[in-house]
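Trainee: Each chain, letter by letter, is given below.
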Amino acid sequence: MTSNNRLHALDAVRAFALLAGIVLHATMSFFIFIPAQDVSQSTTLAVTFYAIHIFRMSTFYVIAGFFAHMVLERRGLRAFVKDRAKRILVPLIGGWLVVAPPTIAVTIWGLSRTFGGNMPAPPEGGGGFGGFPLTHLWFLYYLCIFYVLALLLRAFFAKAIDRSGRLRAAADWLVRVAVSAHVAPVLLAVPLAVVLYFNKAGLLWFGIPTPDMGLAPKLPAIVGFGTAFVFGWFLHRNVELLGRWQGTWHVNLGVAVGLTAVCLSLIGLAPVMTGTFVDAPWRRLAYVACYTAAIWFWTSGLIGAALRFCSNESPERRYLADSSYWLYLAHLPIVFFLQVVAAPLPVHWAIKFPLLLGITLTVLLVSYHYVVRPTFIGALLNGRKYPRGQGLGAPVTPGPDKPRGRSLGPVAELTNVTKRFDTTLAVDSLSLGVARGELLAVLGPNGAGKSTAISLWLGLLEPDAGTVRVLGGSPLDVENRRDVGVMLQDVNLAPELKPRELIELTAGYYPNPLGVDEVIALTGTEALADKRYSKLSGGQKRQVQFAAAICGRPKLLFLDEPTVGLDVEARKAMWQAIRSLLAQGTAIVLTTHYLEEAETLADRVAVLAKGRLVALGTVDEMRSLVARKRISCASVLGIDDIKGWPGVVDVSRESGTVHVTAFDAEGVVRRLLAADHGLKNLEVQQASLTEAFTELTKEAA
Amino acid sequence: MATTTIELDAVPEAPMSLIKVLQAYLLEVKYDTLHGLRTPALAVPFLVIPVVVYTLFGVIMAGESGTSELGPGAANYVFAGMCTFAVLMPGIFSGVGIALERDGKLHKLKRALPMPAGANLVSKMAMAMIFAAAALTLVVIVALIAGRITLSGTQVLIMWIVLVPGSIPICAIGFFIGAFTSGSASPAFSNLLFLPMMWLSGMFIPLPEFLRPWVVIWPSFHLQQLALGAAGVSEFSFFPPQMAAGVLVGFTVLFGGIAIHRLARVG
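Chains G and P supply the protein sequences, listed in that same order. Position one of the first sequence corresponds to residue 1211 (the numbering used here), numbered consecutively onward. Position one of the second sequence corresponds to residue 69 (the numbering used here), numbered consecutively onward.
Just so you know, these hints were derived from the structure itself, not from any lab. The structure displayed is predicted, hence computed values, not measured ones. There are no misleading hints in this set.
DSBU-like mimics (lysine-lysine), calculated; alpha carbons at most 35 angstroms apart, straight line:
1) P:88 with G:1708
2) P:173 with G:1782
3) G:1708 with G:1751
4) P:178 with P:88
5) P:173 with G:1708
Could you put together the complete structure from these sequences and hints?
Mentor: Put into C-alpha cells, the structure is as follows:
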C-alpha cells in the first residue's frame, strides 16, 4: 500500500467520524431533551447515539495526531504552525462567531418550548449556561491545546531530556509491540479507564464528558482524546503498523460491537442520569474497562476497514471527504433548528429522523458546493514513501565440473500417481524416480505440478491414485522420512532464533546428524550463525534453510528453488555443497527456475507441464530431443531458395546475415558452402536447455 | 567451505532411539520457550498483565471499595480469579504461534521433516505451562506479600498445582483457533474469545442475575471451580470439582482432537 492509499483511507475515516457526528446530534431530541424533547422517543436512536459517541471523537483525534505529525515532519515547524493556524484556529474563532450564537439561541428556544417556564439546568451538552459555551467547536479548541502541548513536549524532549532519541525510540518500540501483539486497544484504554473510574462527576452513559462548557481543560477529555492524539502521532512515526489493523478490521469491529453490547447491558439502553450502578466498584470497573476498550476496538476496526476498502481514489469519496469539515462545522444550528421545529409534530421518529438528516445534509452540501468549494483552500498533503523489497540474486554463472557418482535403484519414486484438487488435475499419472547419488531437476512452468509432486513425495499430500515411495516405504510414516532433508519455498523459520539454534533443533529430529559447527562450516554460514534469523537477508535465510535441510545427513534431499535471492558467491558455495552431497550418494530432487542451474547440476531433467511428464532424460538428451540447430552466416543466397532445402525449418535475413533453423545442420551447412563460395562468418549453435524447455512446454500446452 | 565434505556412510546407522526422541521433544520445548521469551510482545503481557491487574484491582483498589457483594471472602475469590486469568492468557494465545507457523509455512516444513509426531503441540503446551506457572507465581507472591487473602499456604499450593496443568484444555482451544485462522487474525480471534470469557465466566466480578446460569459454557469457570474445589474453598465452590475436571477433559478432547486432526493434514 502506498502512502497515498493510506491518506485516502485515513481521510475517509476522518470524514466518517465527522459525518457520524452529524448523525449523532440529529438523534438527540429523540431520547433526551436537548435541544428539545421530541414527542416520539426512540431507544434505537439512543443506542445509535451511544455507539457513535463511544468512538467518533477518539477516532478523529487519532487521525488528527497522525496528520499533525505528518505535516510537521514534511513541512517543518514554521509551516506547521501557519497551516494549523489557518485550518484549525481560524475556523475555531470564525466558526464560533458565526455558528455559536444561532446554536445557543435555537437551544434556548427549544428548551423553553419543551419545559415552558421551568427549565432544568442541563447536566451536559448544548446551551448557554455557565462557563464559556464552546458548542460543538470544542473539538477544535482541544485540537489547538494538543498542538501546543505536542510542540512544547517535543521541544522539551528533543532539547532537554532525550537528545539521543532513545526515549522516542523506546516509545516507538512500545507502540509497535502493542499494535503488533494486538494489545494496543486494551493498553490504550487504560489511562482513560482509570480517569473515568475515579471521575464521579461525569455520567457514565455519556462516556467522556463532552467538554463544551468553559475554557479550562477538562481532565477526562484531555486524557481520553490526548491518548488518541498522541497515539495517532506515533502511528505516523511507525506508519507500517496500519497494515496490522487492515487485516483484522472485521474482528476488531466484531469485538467493538460485542463490547458495546456488554456496556449497554451493564448501564441500560437509555441514558442513566443517576443510580447505584456507578457506585458498585466492580461493575463500574467492568463498565469503564469495556467502554474504553470499545473506543479503541471501534477506532482500530474502522481505520482497518477504511484501509481495506477505501484506499483507492474515488471522486465521490474525495468530494465528501473534502466537504465533511464544512458539513460538521456548520451543521449544528440547522440540526437543532429542525429538531425544535419537529419536536411537537405527532409523527413517528422513523420518518422524522431520516427527513431531518436528509434536509440538513442537502442544505449543507448545496451551501458547500456553491459557497464554500469555489473558495476552498488546502491541498491534500502527501505522505512518505517507503521503498521496500529486495531484488533477486545476481545472474547465474555456471560452475565448472560436475561430479558424478550414482548407483542404481530409485530412492524415491512416484508410480502412476494422480492428484486432483477439486476439478483441477494437478498431477496426472506421473511416474518419476530418483536414484542414489543422482540429482533430478524437475522443471516446468508455474502450475505444472512440480510443487504437488514434491508435496506427494514428502507426505504432505496423499495421492488419489498410484503409489508414492520414499526410502522403501510410504512418506506418511515418519520412520521412512528419517533420512529425508527438506528445503521448501517461502518458509519462515522461527524468527527470533539464531541459525545455530535452528540447526541444532532440526538436527535433533535425525538419528545421526552432523555436528552443528560442521554444518555451519559446510554451508559457509559462520558469519550468520549467531544473528537472529529475522535479521538476515533473503539470501542468507535461504542459506540457513539449506543448512537445516542437510544437517541430518539425508539420503534423500528435496530442494525447492534453493538459490533464489542468493548472490553469486553464496550460490556457488551452495552448488559446491550439493555436489559434495551427490558424491556421497545423496539423492537430490531439485526444482528451479534457473535453467542454467539445472544444466550445471542435474544428471537428469524431468519436464512437467499440466501435471504430466512431457520429457525425461539427461541434459544432453533433452537438448537433442529438440534437435534443431541454429545456423547463421553472411551469404548472398536468397532465403526462398534455402527454405526449400531438406531439414530446414525456418529461414530469415537480418542486415545481411542469414539465420537458418534446421534439424540436419551438417547437411545444410555442406549445401550452403557449396552454393555460396563467398559465404562468411559461419556459426552453428546447439539449442540450449532454455530453448528445449520452452519448446517442450509449448508443445504440451 | 568446500574443504569439508559430508560423510554419509562413515557413521554407523543408528535407529532413532527413545532417548533421542525424548531429546527432540526437549529441544523443541527449549527453543519454543526461548523463542517466546525473545518475543517481548508475547512474553511481557503474559507475565506482567496478571500481576499488575491483581496488584491494582485486587490489592490497591480493593482496599477502597469497602464491602462487596461477595461477602468477607471476596479477596480469596478475586485471587482465585486472577490466578485463573494468569493461566488463561498463555493458553488461549498459544494458538497464535501455531497460526504464525502455518502462515510462514514452517508448519508445513515440520510436517515434511522427520519431527516426532506431536512434538510441536506438546512443546507449545509446555511453553504455555511454563509461562502460566511464572505468571501464577508472581500473582501468588503479590497476594502473600499484600496479605489480602485468608487462604492457607497449602490451599494456595493446591491451587497452583491444579492451575498450571489447567493450561492444557485452554491450549487445546488456542490450538483450535490457531489451526483455523491466519497469523494476523488469530490474536484477534483469541481476544474475541478471551475478553468475553474473562468477564462472562464471573471470574472476578459478580455477574448480573440473568448471566449467571451461562457461566458453565466457559472453560475458565470450570478451571477456577476446579482450583477452588480442590483447595477446599467451600464458600465459593458452586460446581462439583470432579464435574469441572470432566468438562475440562471434554474441552481438551474436543478442541484438541479437531486441531490435531486438521494440523496433521493442512498448512
